[in-house]
Amino acid sequence: MKKFYCALAAAAIALTANAADYYLIGGFNGWTLKDAKRKFVEKSATEYELNYDGTLTSGFKINDGTWDDASADQNFGSNGNKLEIGVAYTMTTGKSSGNIEIEGAIENPTLVLNVSDPSAPTLLIKGASTEVEYGYILWGTFSDGATWEGIELKEESGKFVADANVAKCEFGIKEVVAGTENQVRWLSSAGAAGVTLGTAMPLQVEGSNFSLPAGDYSFSLDVAAMTLTVTNNGGDTPNPPTPPVSDAKDLYLVGDISGWDQTALPFTRVDNVYTIELEDGLTGKWKITDGKGWAYNFGAGAEQPTSGVEVDAYFDGADFESAFSGKTTVVFTLVEGSDVKDSSIPSKVKVTSEAVAEPWPVEEWYVSVQGPFNKWVGEGVHPNAEGVAEISDLALNEAGFKVKVYNGLADSWYCNGEALALNTPTVVEGDVDTLMTVAGLVAGDKYKVTFNVTDGTITVNTISGVEAISVSNGEAVYFNLQGMKVENPVNGVFVKVLDGKAVKVVK
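Under our numbering, the sequence shown has 447 at position 384, and the numbering climbs by one with no breaks.
It should be emphasised that the hints constitute simulated quantities derived from the structure, not laboratory data.
Computed from a prediction, not measured in an experiment: that's the story for all the values here.
Glycine included, every Cβ here is placed at the ideal spot set by N, Cα and C.
Take these hints with a grain of salt, some might be off.
DMTMM-like, lysine to aspartate or glutamate: derived pairs with alpha carbons at most 25 Å apart [to be verified]:
no.: 1; residue 1: 158; residue 2: 207
no.: 2; residue 1: 158; residue 2: 279
no.: 3; residue 1: 390; residue 2: 405
no.: 4; residue 1: 467; residue 2: 285
no.: 5; residue 1: 106; residue 2: 196
no.: 6; residue 1: 124; residue 2: 212
no.: 7; residue 1: 145; residue 2: 127
no.: 8; residue 1: 158; residue 2: 98
no.: 9; residue 1: 404; residue 2: 269
no.: 10; residue 1: 97; residue 2: 112
no.: 11; residue 1: 511; residue 2: 494
no.: 12; residue 1: 312; residue 2: 405
no.: 13; residue 1: 222; residue 2: 285
no.: 14; residue 1: 350; residue 2: 494
no.: 15; residue 1: 312; residue 2: 353
no.: 16; residue 1: 350; residue 2: 366
no.: 17; residue 1: 106; residue 2: 147
no.: 18; residue 1: 511; residue 2: 421
no.: 19; residue 1: 350; residue 2: 373
no.: 20; residue 1: 217; residue 2: 147
Between beta-carbon pairs, the in silico distance windows are [what the hints assert, rightly or not]:
no.: 21; residue 1: 443; residue 2: 330; range: 15 to 23 Å
no.: 22; residue 1: 213; residue 2: 436; range: 43 to 51 Å
no.: 23; residue 1: 481; residue 2: 114; range: 30 to 38 Å
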């Protein structure tokens, strides 16, 4: 009996040691940690309750009163969906979890937290829903590029607008309960950080902060469309590009056009402006580098080049893609502060060309299958008029492969990063870092890959015994229907292979 008592006591001590304080935190209290008014009351070893006095709106989380890495699993947030009143909501854990959203607001709710499964805590909210009116505040480093402050957006004709003269800054938008600064959601860029003037830029909850050069601007928020439009009140270019540092690098255009040779196409530089003229157009993917690899490179932001239109170029951005023919000029303007990792300041690139290039007819495209099994060298074949190409006699292995398609303008690589099923058509949507593999491959066997360039459908087929056999011309060789060679075929059905052709014969 004494041992049993000790075990119970030890269990009780363990439960007490593992107990945690939990707090509701959010825009309603300025994300104050350990707010005594928002502390959950322990009802059992795994259940906690909070009677919230007031109106609860979107934009909150639950944690143990800290943001410490050591207690990251005690930070509970959104699972990507909105929470419904009266329905247990499974939260995600960790410091990077998003803020929980609800529809409208809830008057004087009761919140029940259950941590019986520490990896999937749940939150149940009881109460009456109510409508709430929202306001919007631009929130950024508008004065000095460092101190965060707000600019109120006022409603006009269904939009929320403001005019402001700002320093070089980054910013987002606070959605607040109207008449207060209680933040409900943080709205920011759903794409690139750089602002594209005069364009309705998509917003998302907790996206990337916008970046903006100093200037005089008008801001217009369309809540229904979830877009922000920024226009310049002081001319087309609020801040002309400033010269780079005196030791500006030599730069090169690197891409499909040069076979990705790092130094084949050098720019001519005058101060911070780089120019290159291409007699035969610029097609496919490309970037701008210092010719020494990829540590220093500029690529695309939200916009790809169109002839005669200047677009942003970001340090370590995505590949530029273009289809220009005839004489083509590329002008790259290097902006100070843009050529460092994670910079939100864009440089500029403008491509001017005589014409737009068109892909070849599909029958003239090239399709090849490449991977470690053939050292990334695969002979290309043409698709038929329907876009279907067949490549046989491939010694695929577990290392994987990709399908390369050249359409006369650029290479495209197709791969879904998954294990394909044999003899089963599968749609491959695009290039990913991980190679495709095939489930059930047999070492040493040969396979046939069929790929449709019009819809990205790939099929990996096993090659039957006779298909896989290579026979010298001029000599008839016989096989049974299982693909086994037969020296003296009699009394049965056989396959005769002669001069590269196979026919079925009866003996």
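Going through the hints against the structure:
At most 25 Å may separate the alpha-carbon atoms for a hinted pair to count; residue 158 and residue 207 exceed this at roughly 29 Å. Distance check on the hinted pair: residue 158 and residue 279 sit about 37 Å apart at the alpha-carbon level, beyond 25 Å; violated. Proposed proximity of residue 390 and residue 405 is contradicted: the alpha carbons are some 34 Å apart, above 25 Å. For a cut-off of 25 Å, the pair hint linking residue 467 to residue 285 is broken: about 42 Å separates their Cα positions.
With a CA separation close to 35 Å, the supplied pair residue 106 and residue 196 exceeds the 25 Å bound. With a C-alpha separation of about 24 Å, the suggested pairing of residue 124 with residue 212 holds against the 25 Å cut-off. Between the alpha carbons of residue 145 and residue 127 the distance comes to roughly 22 Å, so the proposed pair stays at or under 25 Å and holds. A distance of roughly 19 Å separates the Cα atoms of residue 158 and residue 98; the hinted pair therefore holds under the 25 Å criterion.
A distance of roughly 22 Å separates the Cα atoms of residue 404 and residue 269; the hinted pair therefore holds under the 25 Å criterion. For the hint pairing residue 97 with residue 112, the CA-to-CA distance comes to about 15 Å; that is within 25 Å, so the pair holds. Proximity of residue 511 to residue 494 is assessed by CA-CA distance (about 21 Å); at most 25 Å being required, the pair is judged to hold. With a C-alpha separation of about 19 Å, the suggested pair residue 312 and residue 405 falls inside the 25 Å cut-off, and the hint holds.
The straight-line distance between the Cα atoms of residue 222 and residue 285 is roughly 5 Å, inside the 25 Å bound, and the hint therefore holds. Of the pairs offered as hints, the one joining residue 350 and residue 494 holds, with about 18 Å between alpha carbons and a cut-off of 25 Å not exceeded. For the hint linking residue 312 to residue 353, the alpha-carbon distance of about 7 Å falls within 25 Å, and the restraint holds. Pair hint residue 350 plus residue 366 holds up; C-alpha atoms about 14 Å apart against a cutoff of 25 Å.
Between residue 106 and residue 147 the alpha-carbon distance is near 23 Å, which keeps this suggested pair within the 25 Å criterion. Of the supplied pair hints, the one linking residue 511 and residue 421 is violated, its CA atoms being roughly 31 Å apart against a limit of 25 Å. Between the alpha carbons of residue 350 and residue 373 the distance comes to roughly 15 Å, so the proposed pair stays at or under 25 Å and holds. Note on residue 217 and residue 147: the hinted pairing is violated, with a Cα-Cα distance of about 30 Å set against a maximum of 25 Å.
At roughly 32 Å, the beta carbons of residue 443 and residue 330 sit outside the given window of 15 to 23 Å. Range check, residue 213 to residue 436: Cβ separation about 59 Å, and the 43 to 51 Å hint is violated. Between residue 481 and residue 114, the C-beta spacing of about 49 Å breaks the proposed range 30 to 38 Å.
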